[in-house]
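Each residue of the sequence shown is one higher than the one before, starting from 11 at the first, in our numbering.
Any given hint could be a false lead.
Across the chosen pairs, the derived CB separations fall in these ranges [what the hints assert, rightly or not]:
1) 59 to 37: 14 to 24 Å
2) 34 to 61: 12 to 22 Å
3) 19 to 50: 33 to 43 Å
4) 60 to 37: 25 to 35 Å
5) 62 to 34: 31 to 41 Å
6) 38 to 62: 19 to 29 Å
These aren't lab readings, by the way, just hints derived from the structure by calculation.
Ideal placement from N, C-alpha and C gives every residue a C-beta, glycine not left out.
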Amino acid sequence: LVVAESLGPLRENPFMRLETERRRLRQGLPEQGAGSARPLQQLLELYSAVPGIRTIRADNILIIESQ
Numbered sequence: 011l012v013v014a015e016s017l018g019p020l021r022e023n024p025f026m027r028l029e030t031e032r033r034r035l036r037q038g039l040p041e042q043g044a045g046s047a048r049p050l051q052q053l054l055e056l057y058s059a060v061p062g063i064r065t066i067r068a069d070n071i072l073i074i075e076s077q
C-alpha cells in the first residue's frame, strides 16, 4: 500500500522527472535545465550508490529494486 502523502511532491520524484523529460523529447521540445541531458544515467548512478538497492536496466525500462 502506497499512501499519496508518502510519495512527496511529484515534480521531485525521480521517475516522474524522467518520464516528463522523455515525453518532452518525444514531442521535440527542448530540454529543461543542464541536468536533464542524461536523466536515465543520473538515476542509475544515484540508485546504484544506495546500499540495499539494485538497479536493472533493459530496453527503455529501469527497474529499481530494494531488499
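Hints, one by one, checked against the model:
Take residue 59 and residue 37: their Cβ atoms lie about 32 Å apart, and the range 14 to 24 Å is violated. The hinted range of 12 to 22 Å is not satisfied by residue 34 and residue 61, whose Cβ atoms lie roughly 33 Å apart. Hint check: residue 19 to residue 50, Cβ distance near 21 Å, so the stated range 33 to 43 Å is violated. Under the hint 25 to 35 Å, the C-beta atoms of residue 60 and residue 37, about 32 Å apart, fit the expected range.
A C-beta distance of roughly 32 Å is found between residue 62 and residue 34, which places it inside the suggested range of 31 to 41 Å. Checking the proposed 19 to 29 Å range against residue 38 and residue 62 shows it is violated: the Cβ atoms sit about 39 Å from each other.
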